Amino acid sequence: MEKHLICISCPVGCHLTATRAGDSGEWTISGNRCPRGAVYAQSELSDPRRVVTATVASDSATMPRLPVRTSQPLPRRHIDALLNRLYQLQVKIPVKRGDVLLANVEDTGVDVIFSCDCPK
Amino acid sequence: MIRHETCDAAVIGAGAAGLAAAAEIAKHPFRTVVIDREDQRGGILRQCIHNGFGLRYFKEELTGPEYADRVAALAENPNTEFKLGTTVSEIRKLPDGTFELLLLSAAEGVAYLRTRAVFLAMGCRERNRGNLAIPGSRPAGVFTAGAAQRLLNIEGMLPGQSAVIVGSGDIGLIMARRLRWSGVEVKAVVEIMPYPSGLTRNIVQCLNDFGIPLYLEHGVVNIAGRERVQSVDVAPLEGGIPQLDRQFRIDCDTVLFSVGLIPENELSAQLGVELNPATGGAVVDANLQTTVPGVFAGGNVLHVHDLVDFVSEEATEAGRSIARYLDGSLESDANPVSVESNLRYVIPNRFNRNRKCTFSFRPLIVSDAATLEAELNGRIIWQRKFTWIKPAEMLKIELSAEQLNESGPLVFRLREEA
Numbered sequence: 000m001e002k003h004l005i006c007i008s009c010p011v012g013c014h015l016t017a018t019r020a021g022d023s024g025e026w027t028i029s030g031n032r033c034p035r036g037a038v039y040a041q042s043e044l045s046d047p048r049r050v051v052t053a054t055v056a057s058d059s060a061t062m063p064r065l066p067v068r069t070s071q072p073l074p075r076r077h078i079d080a081l082l083n084r085l086y087q088l089q090v091k092i093p094v095k096r097g098d099v100l101l102a103n104v105e106d107t108g109v110d111v112i113f114s115c116d117c118p119k
Numbered sequence: 000m001i002r003h004e005t006c007d008a009a010v011i012g013a014g015a016a017g018l019a020a021a022a023e024i025a026k027h028p029f030r031t032v033v034i035d036r037e038d039q040r041g042g043i044l045r046q047c048i049h050n051g052f053g054l055r056y057f058k059e060e061l062t063g064p065e066y067a068d069r070v071a072a073l074a075e076n077p078n079t080e081f082k083l084g085t086t087v088s089e090i091r092k093l094p095d096g097t098f099e100l101l102l103l104s105a106a107e108g109v110a111y112l113r114t115r116a117v118f119l120a121m122g123c124r125e126r127n128r129g130n131l132a133i134p135g136s137r138p139a140g141v142f143t144a145g146a147a148q149r150l151l152n153i154e155g156m157l158p159g160q161s162a163v164i165v166g167s168g169d170i171g172l173i174m175a176r177r178l179r180w181s182g183v184e185v186k187a188v189v190e191i192m193p194y195p196s197g198l199t200r201n202i203v204q205c206l207n208d209f210g211i212p213l214y215l216e217h218g219v220v221n222i223a224g225r226e227r228v229q230s231v232d233v234a235p236l237e238g239g240i241p242q243l244d245r246q247f248r249i250d251c252d253t254v255l256f257s258v259g260l261i262p263e264n265e266l267s268a269q270l271g272v273e274l275n276p277a278t279g280g281a282v283v284d285a286n287l288q289t290t291v292p293g294v295f296a297g298g299n300v301l302h303v304h305d306l307v308d309f310v311s312e313e314a315t316e317a318g319r320s321i322a323r324y325l326d327g328s329l330e331s332d333a334n335p336v337s338v339e340s341n342l343r344y345v346i347p348n349r350f351n352r353n354r355k356c357t358f359s360f361r362p363l364i365v366s367d368a369a370t371l372e373a374e375l376n377g378r379i380i381w382q383r384k385f386t387w388i389k390p391a392e393m394l395k396i397e398l399s400a401e402q403l404n405e406s407g408p409l410v411f412r413l414r415e416e417a
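Going down the list, the sequences are from chains V and Y.
At position 67 of the first sequence the residue is numbered 66 (numbering that gives the first Met the number 0), and the sequence of numbers has no breaks.
At position 283 of the second sequence the residue is numbered 282 (numbering that gives the first Met the number 0), and the sequence of numbers has no breaks.
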């Protein structure tokens, strides 16, 4: 069995080929120009994940929306629920880049963190 | 009373390019003033809340605001002053070879700034509906992708409920995902070329993930609606001609244009800087100095980059040149660099003999086997094979001082393998 993927780990966008004998067992990855490609392909074939970025409302006068992101790629099946949760929030400033807004989303070990500072 | 100030280097624009150059100049004992019309540093990075920045420059994947914060921190220095919320409305060269900038700001009024060197880092503007002359009515709901991105990410307003995106540039692709993640329906992306103009990974994670259709070799032939956009008509293209008998209608209330960027060179033109029609930016030598001595350029105002990491590298190089210009040690040869087949342009347009040099190219073709070669005085001095060549992805290579050991014309060409 053979599957074709395009790596999204970096802008190079390697064209990956995943092969395995039959319908189960380990995938063998080729076409990647760095180790990240193999990691991406294995994850994409078993449990696809994406880094999620969004904004949340804040009480700052100058920055009404604050950018946030997941600390790690999140399983795709959790993305819509996470976004709905984020859009209900109203954040109180100050916040610092890297501060955790939501910890351990859906027990995945992935946090949502702020992407920028917003002083008082 | 109009204030008069002086500095060694004036950096116009506090985006990725301006901040990198300022950080580099600050390693030397020169006074730098960085001017930006926005109230915050970071330029367009601030509204690019998605990830994918910095893998090359910081060896870490960052969002736009994170990348902006990092480079702003690197530019922080007692010898560097930031004038934010300030517009450079005029610039001129004085008879003694220095420059005078007219600065306007709501907070500080009018000031003249005299400087020995200038770094042009104004970035780009977006091409818009007017540049494409798309027929139809003039309803509300038509935006450039970057304007919609600002509206959504900075100001927190949705541009509409259902959108069609014209052009498959990266900003448009990123906006397709952002709109979907904000509850807006994205009906289609329409691209006139037979291949996407954005990065492949953005096709995968911004369109394919959501099943958003991409119509290649199609054009928008009409925008309909009275108060607000109601629909667009899309037709396949054959040899660039819309096939109106096969056109179809897509209902939507929003149209985003992601159809390319234009370097913002009005100030460069005031200085008499020679511009390159192939890039829309300045003609520069190996030091990234323009045809006006003391004036340097880098980042998107020089040529449109697809990675901010490349902007940081280029502007750092320019900052190094500016420091050398200020201490009188900058040397420049006028050995011409040009491109032949299958390449749209090369930067820089001159090289220095016996000095290593980085060259950036924009290919004109899509190919999975092509050789880039460099010919100096009729002799091939360098070759490299590339797979997956496409106009959306800039090529960047370095030639060593040993390879560039002669004066004379340097020509690059891209040969497609049979």
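Note that these hints are calculated values from the structure, not bench results.
These numbers come from a predicted model, not from an experiment.
There may be inaccurate statements among the hints.
Said to hold, decoys possible - Straight line, CA to CA, 25 Å or less: simulated BS3-like cross-link-like pairs of lysine-lysine:
| # | chain 1 | residue 1 | chain 2 | residue 2 |
| --- | --- | --- | --- | --- |
| 1 | Y | LYS395 | Y | LYS92 |
| 2 | V | LYS119 | V | LYS91 |
| 3 | V | LYS95 | Y | LYS58 |
| 4 | V | LYS2 | Y | LYS355 |
| 5 | Y | LYS26 | Y | LYS389 |
| 6 | Y | LYS26 | Y | LYS384 |
Results for each hint:
no.: 1; hint: Y:LYS395 with Y:LYS92; result: violated (33 Å)
no.: 2; hint: V:LYS119 with V:LYS91; result: holds (9 Å)
no.: 3; hint: V:LYS95 with Y:LYS58; result: holds (22 Å)
no.: 4; hint: V:LYS2 with Y:LYS355; result: violated (43 Å)
no.: 5; hint: Y:LYS26 with Y:LYS389; result: violated (37 Å)
no.: 6; hint: Y:LYS26 with Y:LYS384; result: violated (38 Å)
Of the numbered hints stated above, those contradicted by the structure are hints 1, 4, 5 and 6, listed in ascending order.
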